[in-house]
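> Chains A, B and C supply the protein sequences, listed in that same order.
Counted from 1, the first sequence has number 39 at position 39 by the UniProt record's numbering; the numbering is strictly sequential.
Counted from 1, the second sequence has number 31 at position 31 by the UniProt record's numbering; the numbering is strictly sequential.
Counted from 1, the third sequence has number 20 at position 20 by the UniProt record's numbering; the numbering is strictly sequential.
These are computed hints drawn from the structure, not numbers from a lab.
Bear in mind that the values here come from a model prediction, so they are computed numbers and not experimental data.
We put the beta carbon where it would ideally sit given N, CA and C, even for glycine.
Check each hint, because a few of them may be wrong.
[Said to hold, decoys possible] Each computed DMTMM-like pair below joins lysine to aspartate or glutamate, with the alpha-carbon atoms no more than 25 Å apart:
(1) A:LYS170 with B:ASP56
(2) B:LYS164 with A:ASP105
(3) B:LYS164 with A:ASP67
[Said to hold, decoys possible] Coverage of chain B stretches by chain A, computed from C-beta distances (three or more under 8 Å per stretch; other residues unrestricted):
(4) 65-75
(5) 300-306
[Stated by the list, open to error] Stretch by stretch, here's where chain B covers chain A in the computed footprint (C-beta under 8 Å, at least three residues):
(6) 204-213
(7) 220-226
(8) 229-243
(9) 250-258
(10) 276-285
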Amino acid sequence: MTHFTRGRLARLGLVGVAAASLLLAGCSTVGSTSDAGSSDAADDGTFTVGFAVGGQPDADWQDLQGDVAKGLADQRGWDFVELSNDNSEATATKNADIFIQKGVDMVMMFNGQPSANPVIAKKYADAGIPVVTFDIAQPGWYFVGVDNAAAGTDGGTALGELAKEKWDCKVDLVIEAEGTAAGQINTWRTGNAADAIGTVCPDIPEENYVKYEADGNLTTSLANAPGVFAAHPDAKNILVVGLNDQAVVGALQAATQLGRDGSIMGWGQDGGLITGPNVDPNLVGSVMYFLEGYPASAFEIADEIAAGNPPAVKDTGDDAAASVKPCAVTAAEAAAIPDINERVKELASAPKGTSEYDLYCKS
Amino acid sequence: MTTSLITPADPAAPRSPGGKTRRPDSRGLPVSARDALSIAGVWVALIVATTIVRPDFLSTQSLLAITFTMSITGILAVSQAIIVISGGLLDLSLPVSLIVSAWATVTVLNNGLPTWVAIPVGILTGMAWGALNGIIVVFGKLNPIIVTLATGFGGLAVMLIFFKSAQIPAQSDLRLYGLGRFLGLPNIFWPMVMVIVLGGLAFAYTRWGRRLIAVGGNASAAKARGINLRRMRLGSFIGAGAVAGLAGVMFSAVTPSFTPAAGASFQLIVIGAVILAGISLSGGKGNLLVLLLSIGFFATIPTSIAFFGLAPAWALVFQGALLIIAVGIDGYRLKRTAR
Amino acid sequence: MSDTTSTATDFALSASHITRRYGAVVALADASMQLRRGEVMGLVGDNGAGKSTFLKILSGAVIPDGGDIVVGGSPVSFRRPSDALEAGIETVYQDLALVDTMSAVQNVYLGREELSKNPFLRLLNVVNDGGMRKRSREVLTELGVGIQSVNVSVKGMSGGQRQCLAIARALLWGRQIVILDEPTAALGVRESAQVLELIGRLRDHGVSVILVSHNMQQLVQVADRVTVMRLGRTIATRDVADITPEGIVGLITGAIPADVSTPEDSATIVH
Ligand SMILES: Nc1ncnc2c1ncn2[C@@H]1O[C@H](COP(=O)(O)OP(=O)(O)OP(=O)(O)O)[C@@H](O)[C@H]1O
Ligand SMILES: [Mg+2]
């Protein structure tokens, strides 16, 4: 152990730290090994759907997407082959080969490592198999994703309405908990939410809107948000929007730490922290995406493909083949929505063409 | 060995000409005092610059913001400093150590056990994690950076299996402690100060600290003095783990909900603060009070940025640039004093 | 000249028939040495003769394959450096002696820090800095080791000062035997003189010294006896009074025959 030159090695190692921590922040690469679905797609004329779940271990909605899709395929009497991409480029690529070899009629997938998608796209294009991709766009693939622009607007509108009702639109500070790394999605969710507040309460002056970097996680948000409150010491009525629930709750917690939580309301995105026993009392609402329900939209496209008249490929976030409708909910409404496993069950027994938005958001 | 056998006088070129004071280090102020002054200087410059732009920067709100941001980073930095000073290079698994301890603490509380059980369990979990790293490093004779990089990844993977997110009970004493204040500053600020002071005193005035510095500064010399390197290295990992465990306890008190990856954002700031404090990656050197200044400086950056009204991404740019500068300074210090 | 008449207890250290090989390389074929109390024993030999290996065995850094070591009358078996330290043998390594980032007093007391006299602080493992500082100042003054302050880092000190500090440490710790491997190799003339002077003072304090040096002039200045090594064997021991530097060189190179029969001597005969 005494034989390496410490200083140099240490500095070399440091270079790796940046990369490592980015990776750590992102996701890890564990997961169950992919198990090919049982039904072999023999050319018996039955329509066969190949479904690749993401396989990211801390996201149970990914596995549940598979369950929902299986239910929808059964409903239609189709064959169904499920694989897991194991949150890995290599597995995602290998799975493409397996689907092609099994002769599936179409593929639906979530791949958290989009760098592999061009290769996979080439394989499917050569085999003439149409693909539906969730959340991450790839030219030539039907894009199914949540309508982030609408999610931002809906959340901001709901929060603006509350501010109008409670404070008569007298808002001293609108805090935007940004996640710059999320790019356009951040602009849609955070930016549109702030714009929507301005639409509901047009008299809030421009300088009352402030942004800070929350990086989409509670820890970073909680580290950076205190300064924002300190920099606006006279602000009483405060609104918070952001990339996701974690970012927003980070700001709300910072307000509590600095004793600025007397009159503050936050509206999150993604519903991550709006349910459960410990919801932050100042998180008044969030926007749920029902990620597990994506297959419902994908199967509408599949129906047309199976019927022999495939729709035009729409492959970008701006112009999606199917947009999943987001659902802005108050904390009270969120409490009434069943948990994810329950939702999957209810969706499976719902009539064909029903989305979770239809089930839980039409109040 | 350079000399021939029959030279009448010693012809070996005098490698240390003059033999007197050759380096500025040995004259005037001790190195740590100069480090302290330069970091304090930069910190004061930042405060003055911010105050010129926004006179209301000097407020209790800013003080609360900065001290709060310092708290967990500070405890983690002490843990990292113990590793670095004792020649263990770096512990890249510190974020995992933090979260695993926080998770253990919260799990104990969620099972209805009292706070006085939860806190020791959190600290012991950190120690166990440190022991795991230490055992692999010491008995596997492996580079600690590689080992902790690996255990960091492995630990995260295992945590992802056991929990998606963990929440501290909203009404638990620990949670209420995390929301409270003492002497006008956040409660969690004080354990950080205590750890820095106790750690600093231990390094400076205990046999244990002396030997740790010696092992980090020159392991062969320490070994030749009869110091058990294995025991010291293992001890440093376990001790650093205990401190990381305390950080985990404090983290769980202020973070209502966290995921396995929630510790990642501390990594670069902690390493940056440690290096900026003059705690050289080559080991055997460091002063925890300088570290306190360094942490204060790092913690002031986001608040200053908020006061300047700069775009959010600047916080990341600043901290990244600082890390590069800190590593550069460390390399420069080493080069200058190499001979 | 031969020491075979004395019994082992008369010696500070007695090593007999030590062997050690590294794979195919025989670093020590048969090394013996009888070190009297309060004498300076020179150890000489050509490069690769096995001097360093022999010293490392006596200081516990290398474990011998065979042979016996007796220290102060009792047989010992060193497994690690701390065993030799405990037996009263202090070794000064040229490069590895000091921790650069620590002060002179910290270095002197490294591994043997005095704990505070206050029982409570003692329990907390707190060291007695004042006491250690005072005592090290005394000893350094007594030995004539000139350093500016015992509190500054040793990094800024000259090679001679560092070497003296490392040697003085031995006396402070009450060692009976001090082993020095080429202590003046990297030093200038004046600094070498300092070190040699210090070695003389150690002897005056009753300490036995083993000194490896390639510099015969220095050796005859300070040593009482010399042991000559050749190809892993100790081949002769002489009183310095009886021999010139040229004589020692003759023994080293083989120009003067060894006291014991060695393989290359017989080879020479065949030749
Ligand atoms: N760790 C080791 N591994 C292999 N061979 C070694 C090792 N240490 C010493 N040797 C070999 O043992 C022999 C004796 O080496 P040693 O260092 O004891 O000689 P020396 O008399 O001190 O020489 P020098 O005057 O050059 O210092 C040499 O041939 C050397 O190459
Ligand atoms: Mg040698």
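> Take the hints in turn and mark each one as holding or not.
Outcome of the hint check:
1. A:LYS170 with B:ASP56: This hinted pair holds, its Cα atoms lying about 23 Å apart.
2. B:LYS164 with A:ASP105: 35 Å, violated
3. B:LYS164 with A:ASP67: The given pair, whose Cα atoms are some 20 Å apart, holds under the 25 Å limit.
4. 65-75: holds (count 5)
5. 300-306: Holds: 5 residues of the segment 300-306 of chain B have a Cβ under 8 Å from chain A.
6. 204-213: Coverage by chain B holds here, the residue count being 4 at a Cβ distance below 8 Å.
7. 220-226: Since three or more residues must qualify, the claim that chain B covers the segment 220-226 of chain A holds, with 5 doing so at under 8 Å.
8. 229-243: holds (count 4)
9. 250-258: holds (count 5)
10. 276-285: Coverage by chain B holds here, the residue count being 4 at a Cβ distance below 8 Å.
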